[in-house]
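Peer 1: Construct the complete structure from the given sequences, taking the supplied hints into account.
There are 4 protein chains.
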Amino acid sequence: VSDDPGSTLSTTPEMAAIWSAEACVRRMLAFEAALARAEARAGIIPNAAAQAIADACRVERFDVAAIYREGVLAGTPAIPLVQMLTAGVEETGRGFVHWGATSQDVLDTAMVLQAREGLDLLSRRLLDIGGLCAEFAERHRDTLMAGRTLLQQALPITFGLKAARWLALVTRQVRRLGELRERISVVQLGGAVGTLAALGADGPRVVELLAQELCLAVPDLPWHAERDRVAELAAGLGVVSGAMAKIATDLVLLAQTEVGEATPAAAPGKGGSSAMPQKRNPVDATMALAAARLALGIVPVLLGAMAQEHERAVGGWQAEWAALPDLFRYTAAAVERVPDALAGLEVDAGRMRANLAGSGGQIVAEALSVALARKIGRDEAHRLAQEVSDRARTEGMDLREAALREQRVRETLPAEALEQVFEPAAYLGSTSIFIQRALDDFHALRSDDTGGLALGG
Amino acid sequence: VSDDPGSTLSTTPEMAAIWSAEACVRRMLAFEAALARAEARAGIIPNAAAQAIADACRVERFDVAAIYREGVLAGTPAIPLVQMLTAGVEETGRGFVHWGATSQDVLDTAMVLQAREGLDLLSRRLLDIGGLCAEFAERHRDTLMAGRTLLQQALPITFGLKAARWLALVTRQVRRLGELRERISVVQLGGAVGTLAALGADGPRVVELLAQELCLAVPDLPWHAERDRVAELAAGLGVVSGAMAKIATDLVLLAQTEVGEATPAAAPGKGGSSAMPQKRNPVDATMALAAARLALGIVPVLLGAMAQEHERAVGGWQAEWAALPDLFRYTAAAVERVPDALAGLEVDAGRMRANLAGSGGQIVAEALSVALARKIGRDEAHRLAQEVSDRARTEGMDLREAALREQRVRETLPAEALEQVFEPAAYLGSTSIFIQRALDDFHALRSDDTGGLALGG
Amino acid sequence: VSDDPGSTLSTTPEMAAIWSAEACVRRMLAFEAALARAEARAGIIPNAAAQAIADACRVERFDVAAIYREGVLAGTPAIPLVQMLTAGVEETGRGFVHWGATSQDVLDTAMVLQAREGLDLLSRRLLDIGGLCAEFAERHRDTLMAGRTLLQQALPITFGLKAARWLALVTRQVRRLGELRERISVVQLGGAVGTLAALGADGPRVVELLAQELCLAVPDLPWHAERDRVAELAAGLGVVSGAMAKIATDLVLLAQTEVGEATPAAAPGKGGSSAMPQKRNPVDATMALAAARLALGIVPVLLGAMAQEHERAVGGWQAEWAALPDLFRYTAAAVERVPDALAGLEVDAGRMRANLAGSGGQIVAEALSVALARKIGRDEAHRLAQEVSDRARTEGMDLREAALREQRVRETLPAEALEQVFEPAAYLGSTSIFIQRALDDFHALRSDDTGGLALGG
Amino acid sequence: VSDDPGSTLSTTPEMAAIWSAEACVRRMLAFEAALARAEARAGIIPNAAAQAIADACRVERFDVAAIYREGVLAGTPAIPLVQMLTAGVEETGRGFVHWGATSQDVLDTAMVLQAREGLDLLSRRLLDIGGLCAEFAERHRDTLMAGRTLLQQALPITFGLKAARWLALVTRQVRRLGELRERISVVQLGGAVGTLAALGADGPRVVELLAQELCLAVPDLPWHAERDRVAELAAGLGVVSGAMAKIATDLVLLAQTEVGEATPAAAPGKGGSSAMPQKRNPVDATMALAAARLALGIVPVLLGAMAQEHERAVGGWQAEWAALPDLFRYTAAAVERVPDALAGLEVDAGRMRANLAGSGGQIVAEALSVALARKIGRDEAHRLAQEVSDRARTEGMDLREAALREQRVRETLPAEALEQVFEPAAYLGSTSIFIQRALDDFHALRSDDTGGLALGG
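Protein chains in written order, with our numbering: chain Y, 1 to 457; chain A, 1 to 457; chain F, 1 to 457; chain S, 1 to 457.
A portion of the hints provided could be inaccurate.
Any copy, or any two copies together, can satisfy a pair, since identical chains are not distinguished.
Straight-line Cα separation of at most 16 Å, EDC-like style, residue types lysine to aspartate or glutamate; simulated pairs [said to hold, decoys possible]:
no.: 1; residue 1: Lys375; residue 2: Glu91
no.: 2; residue 1: Lys375; residue 2: Glu70
no.: 3; residue 1: Lys375; residue 2: Asp202
no.: 4; residue 1: Lys270; residue 2: Asp390
no.: 5; residue 1: Lys270; residue 2: Glu70
no.: 6; residue 1: Lys375; residue 2: Glu416
no.: 7; residue 1: Lys375; residue 2: Glu60
no.: 8; residue 1: Lys270; residue 2: Asp340
no.: 9; residue 1: Lys270; residue 2: Asp142
no.: 10; residue 1: Lys375; residue 2: Asp448
Just so you know, the hints here were simulated from the structure itself, not pulled from any lab data.
Peer 2: Right, here's the structure in full:
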């Protein structure tokens, strides 16, 4: 695990491990071993050579730090790696190491393998988040709270609906990551300029066998300088981070002292203050927001890096080496902190109800307007309801009281209908249907996905 | 069309028209008319009312500038629009305008309609680019040129392969835009807080009918504060812009005075200089690069805007109103300038061949290494070829000459095999196969797509 | 003014005017006229020629739209402008138009003139904001409210202090813009590649006279491809936008229904909702937040554009043409909407006090801890205060009550001292001193600056 | 040093050390010790307590990893640090640790101390770059080469002028960093909400003494939630990175096989290829470009983080903890790789001259036009020169030959004047003056700065 504060506070150990120097070397060695096997199967190099190479491709035998140290000078860690590997392979195989490949083939394919593992990790945690949201959606299906637009109370919703919207958002992300996984899981093998010249006529066959060895797909063409897949991956992680930021934003707003509708679970050492004894800070949601900000900064770096020069870029490709690991780590931190924030969240239904009532019933002003509109048209009704609302506010009355005092309202709506207007629970429209849809959709995904993720390579 | 220089130089008239104030108002009116029709079909409002509303929804009747002027104060153009529309609807319909909807429903659905049109425009132009690339790929299948990595000559490729890689990149973008189109073409109707409360139990039915009216799909849930679709759209446009930047980068590099392998078509008034009479600047590729830079700046704005507060955001949503049109316009400029740059491009095969030869044959050093490797192993061969290459450079010889002088080379390779090494055309590996794949894939797309785009709403 | 919604909703008419196509042409003509005058003064061209050129440099005579239309083809609007100008100059001057200059000289210097004007406009509005903040700082010097960290009530502050911090932030921005103005107000004149070759030995003299004519300074060297000044300008505008976002964030949070401490001034047509009659949305602060997001997206475009190729960039420079106007316009919208949000802001001191009390006195838990710490050390005091705070929360008591019940507290603090702890107004530390500092600093700036801005040119 | 590849390849050991977890803890301890001393000097805590605290503030005594591990839970590393410190302080001091301060005070002041050190490191390396550029500027003052606009040969310059422009760019960056250093070197001490309440009336005095202890300045107000200084710092680093990208861009373009005017110094293990024996890749410039891209991505993160909530942000502040170290590290990598790229650069004056001649003399077309313009006016001259230039190109002649064949040219210019036109060295305008200015300016800076940087804390 990395040494600097940011890496500790804005990553997760699992994701850091996937992108560690050692893991990258392990993946590069997996490429070299698979390449040798593929070339042996294609009859290009002797079986014994492939065996010797595969035997040497064990990360424990390598001085990982040295590879990167020399990589600084070489301009790529693949060159020292290939040299050290060659030195470590027995005589039979030594002459066939890295046959027909170029540095970028190794690095790009290793990156794909790491990214696939990273996506699987993210998907699993997103499913956890979905599970937590689904629970809230079910349990608080009917827990009334204020819906808020532009941070103003607007109309009643239920906490279950809010959780269901989070859930649907997460469900869509898992699907999106699944598609991304599919799309980026392609091998890179093109040789120095993408012609596979060193393999003569055997290029396509070797690519196919190599892809099989690594459980990857064969791309249309080598993609050494056309990085749309990498850019799309970056963008997808950015969207996931943004989704986490949405949920975390709602959480910190709900946890405000003056709102107090959902409070993070207390835990020793968590969310205190070095100065204020009373503090219970929403630290998980806060750190999720921080991590999402960090992740989003990297997306344009990877999009901008698409402007790659000719057959291999001069800067744009090399920027990926740090940008993509950073992006995965920050995204992982965002994804990790959200379930931490949700687990044990104390939902205060009483406070929700109280806040709803606190606005003097203004929250159902639209219900009044709609009830009136059925009789006198939407436009006039809106004006009348607005008058009543304004009067209530200026004179410090409840909306209900103000409505009852207004003759035009009484003339338009029978007493019974008017009472109905002031019952927030009666003004929830399709809330329950929407909650159910989000639940059904998530459960469908979860049954599909258990299989899918288990297969992950 | 907009008045400021940037808008003229970094957009296209067609895309500017799609996102003009008038076009936005027209789309908002389409929403209001369709909503009324849907509600009439659902039996919620009278048919006559729907008819009256639809009659009034004609953009010519509206003072578009006034809508936006008042929108500045209101915080959304939808409010003045609904007021003006209401005033313009005949008595029968007036009371039923905008029934059950909220400002965001109008604006978001209008935005979806504009975005769909924008995507179709981009896809059509991308197909044009693909067509131009395909021609180059075919015509220059065997036109030898230097492949370049880190801007250094590396190994031979053909210009056809370079064009085929552009083609494959473009083909993937058209596919991606097609998927995006599918994914974003959903209606937004949720009412003030996404419950459709004002529609009572009829919400889902109205959403369905509204979607039908507008040829859109029904989303899982209202998405007023979950903007992953918008973010994904933004990211997709960013990837397209990045793809354009890749092609344009290659073009400006090829057009360099010292390279001169592909020169922009001359045209009166094009690419001159106010100072230098001899200049033929690659202006289209240059402006494509500028536009792509502009487009990429906007992607993180739309990703960052995902952190939306509760049921409607306070800033993040409103930023979309300018960001998305800007992004479409800049992307369109990038997409438009690339075919301008490709059309009539003067490919100078002689210069390509000369540049290839110019490096004293160094470009086939790998071919020498590979030929040697088959006999003495890759590692030793690489070292030997490097020695030969270094000697050739220091002593100012051709690589071929240096190789012939080196006894170990002569001992390892028979004269014939050695001659073969110095024929770049013999060292192209899978070039031709890759070109064919890119062509086949594009042609398959084009036959599919003609239908697809024609259906576009 | 531009036609698209974003431009209307996210700019100001004044700033849009500064960056309009016409304004740009006017500035380019100012450059050409000044260049001619400077060259006449240097004895390079005849006085009569300079006079003829200056006579022709009147924007009314030009078809601005045509300049930009042809500029699309030419790759720069300067080329058609120079052609049209030449055609419009009388015989005596025609041969001397644009003498020794290149397109970039015209465009860059025009951009500097526009930017200077834009900065002055921003500075004036920032001073207005400062004035409003200063008023709040004075008037609410002692208006108690909750200080909030991580959106949790933390300790008491006064609204005056919050306003004073906004004020200090704005004061620093005005100073920073003043420095930026100084730094960017330099002429660009280098000829085609920055050597001023066409002026022979007279280059430096002409640069000096040209700078005089335009009230600009002489830069160290021509800066055609070294864009640090532009990048710094962009960054400075980004910081200003970020500062606006800080103030606007506080405003939307204070306006929340459940907080209600500061409400935007009501105005007809302002902040309503198309659905909810009761809404008074904080639209100005919201639009300021949106504009700031838009502005920030552009900063990296202009930083990234610094990687300019050789003596004139291929994309990076051209991106500035749209990016800088966009950035100025969005920044202006952010800067404009903040005073709109502040003017007439209804500060509810009662609600502030009530919210402060609402947390059951928890907000002074640190005061209790500090009072105890003086006797028993900081560490033990923190633990004890935390216990008391926890008990108060779990048992639903006031912190004061819980403290009185706790024997260790009673033993440590005399009754009087304990009562003092529970008076928030007594726990404000340096609040008043800080407020005064911010006021003094702003007033000092304002007296300095009145002169400075009047000189602007 | 960190473990992941990106950190190794895109940082420098020195900068990584400044921002390591240990360095951060050391700086936090420096704050705590200085605070205790300041408070003792102000008579707030006993001298013995201050001494005991200072004694305990030794980083070797702390389990740095544990601080960060617990910091993940606490939401800030300052809380576990203060706890561990308290536990480690002798009885006399234990009760006075962190007196009156809050976590943010510790973290922000530590960050300022690290940033100051980071800026000094960058400035020193920039001066090295300046030194290298100055040498090139002097040595190649008269080394003719093609000036290039839009990557097309335009007019002659000298390599000295190009180096002088790099030099001026670097000189301006050193000055800018010096100003930034001044501006950010302020202490942070505000207590929980910026009122210094726990210090009663002694707040300002303690701030002053603390600042003295740490060789920092006193800010106008505490800046816990007003982060313009941090944003400006970020922007300044972004501009430096952009400046490095400019130089590196020129270098990779000059090193192109077809240009070959400046080649990176050869070194064992440097710039080779795993496939191509002949490669001498410009790896330092390439990695500088990669690092600059990475750095620029972070700037908007720190600008966007300015929208901080109330008295302490919920995400925006915490994002700084990783963003600022990342930014410093990536900027350092960019700054480090440029001198590596410049040192030993092989400038090939012969190739420069050959490339200049290679365009068939087209590069002096402007000189011809200017010479003609003196007789027949600029407009007509431009047209005539363009005709000659076009003819030369189409008919494959030298420009000189084409000019001599054109009667109108011969009639206008005497033979002697015409010959003069075709001598590039005679068409350099103010080149030499500009070079001298850049040198003088740098030398002035260097004499100033030696003192300045030595003072660095």
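Peer 1: Have a look at Lys270 and Glu70 and pick one of within, between, both or neither, based on CA distance no larger than 16 Å.
Peer 2: between (42 Å within a copy, 9 Å between copies)
Peer 1: Checking an output row: Lys375 and Asp202, CA cutoff 16 Å. Within, between, both or neither?
Peer 2: neither (79 Å within a copy, 18 Å between copies)
Peer 1: Is it within, between, both, or neither for Lys375 and Glu70, if the alpha carbons may be no more than 16 Å apart?
Peer 2: neither (81 Å within a copy, 29 Å between copies)
Peer 1: Cα distance capped at 16 Å. Does Lys375 pair with Asp448 within a copy, between copies, both, or neither?
Peer 2: neither (49 Å within a copy, 52 Å between copies)
Peer 1: Tell me, please, which holds for Lys270 and Asp142 at an alpha-carbon limit of 16 Å: within, between, both or neither?
Peer 2: Classified as neither; 31 Å inside a copy, 34 Å across copies.
Peer 1: Indicate which option fits the pair Lys270, Asp390 if close means a Cα-Cα distance not exceeding 16 Å: within, between, both or neither.
Peer 2: between (44 Å within a copy, 14 Å between copies)
Peer 1: When no copy is named, should Lys270 and Asp340 be tagged within, between, both, or neither for a Cα gap of at most 16 Å?
Peer 2: Cα proximity of Lys270 and Asp340: one copy only (11 Å, versus 40 Å across).
Peer 1: Regarding Lys375 and Glu91, is the shortest C-alpha distance of 16 Å or less found within a copy, between copies, in both, or in neither?
Peer 2: between (93 Å within a copy, 14 Å between copies)
Peer 1: Checking an output row: Lys375 and Glu416, CA cutoff 16 Å. Within, between, both or neither?
Peer 2: Intra 15 Å, inter 65 Å, cutoff 16 Å: intra-copy only.
Peer 1: Quick one: Lys375 to Glu60, C-alpha cut-off 16 Å, is that within a copy, between copies, both, or neither?
Peer 2: So Lys375 and Glu60 fail the 16 Å test inside a copy (80 Å) and across (31 Å) alike.
Consistency with the previously given hints fails for numbers 2, 3, 7, 9 and 10, ordered from lowest to highest.
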